[in-house]
Amino acid sequence: TQLLEQSPQFLSIQEGENLTVYCNSSSVFSSLQWYRQEPGEGPVLLVTVVTGGEVKKLKRLTFQFGDARKDSSLHITAAQPGDTGLYLCAGAGGGGSNYKLTFGKGTLLTVNP
Amino acid sequence: ETGVTQTPRHLVMGMTNKKSLKCEQHLGHNAMYWYKQSAKKPLELMFVYSLEERVENNSVPSRFSPECPNSSHLFLHLHTLQPEDSALYLCASSQRTDQPQHFGDGTRLSIL
Chain A
19 TQLLEQSPQF LSIQEGENLT VYCNSSSVFS SLQWYRQEPG EGPVLLVTVV
69 TGGEVKKLKR LTFQFGDARK DSSLHITAAQ PGDTGLYLCA GAGGGGSNYK
119 LTFGKGTLLT VNP
Chain B
2 ETGVTQTPRH LVMGMTNKKS LKCEQHLGHN AMYWYKQSAK KPLELMFVYS
52 LEERVENNSV PSRFSPECPN SSHLFLHLHT LQPEDSALYL CASSQRTDQP
102 QHFGDGTRLS IL
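Those protein sequences? They're chains A and B, same order as listed.
Residue numbers 19 to 131, in the numbering used here, belong to the letters of the first sequence in order.
Residue numbers 2 to 113, in the numbering used here, belong to the letters of the second sequence in order.
Simulated from the structure, these hints should not be mistaken for lab results.
Quick caveat, the model's predicted, so the values are computed rather than measured.
Just so you know, not all the hints are guaranteed correct.
[As the list claims (entries may be wrong)] If the Cβ cut is set under 7 Å, some of the chain B residues that face chain A in the computed set are:
1) V13
2) A40
3) P43
4) M47
5) E54
6) F76
7) P101
8) G107
Even glycine gets a Cβ: it sits at the ideal position worked out from N, Cα and C.
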């Protein structure tokens, strides 16, 4: 069974602070996706990383895929209340199926004004 | 963009009831998915349809029965559910099964 461990599980910070959340696995994935889910809504795709060592930036969010394609991190600079939500990572390519996404449990981020 | 629409948004049913969840996408996608999201557990893939054919049935109990009449619609028929089936049921779609998925806002299901 492939597992994606996300840490921390909960994070509460003040507006303007920086933070990093992690997504780790012992398995190799062909790609890794990050989603944000707000209360009462479904997950929304933020980014897909494919190449080991790849770094992608989305405004104040920086995503990195580990060299071995087993782990990833999401760094947020100068967090804002609008960043509040559940951040999910999902690995694709598990079990030889490209569509099979293995999800972590998520990091619940609260940014206080 | 109308995206992926799920109805109803909330459903409360008894264990002996029969109900159906509906998912509709107007993105022109060819693959659709059902997921279960429970508290303190990762999102669990239940079913995958590609070009209206089921390609994955992830060891889901038979009390959940999916139906995909066309590439735009996906149903999840429910009968004789158990309290542990209470969860958020999410539908997703993608252009192909190896493309990123777009999620609906889910149906919050409560079994009494």
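Evaluated hints:
1. V13: 16 Å, violated
2. A40: Where the cut-off is 7 Å and the nearest Cβ of chain A is about 10 Å from B:A40, the hint is violated.
3. P43: 4 Å, holds
4. M47: 12 Å, violated
5. E54: 13 Å, violated
6. F76: Hint on B:F76: violated, closest Cβ of chain A at ~17 Å, above 7 Å.
7. P101: 5 Å, holds
8. G107: 5 Å, holds
Violation of the numbered hints given earlier is confined to hints 1, 2, 4, 5, 6; the remaining hints are satisfied by the structure.
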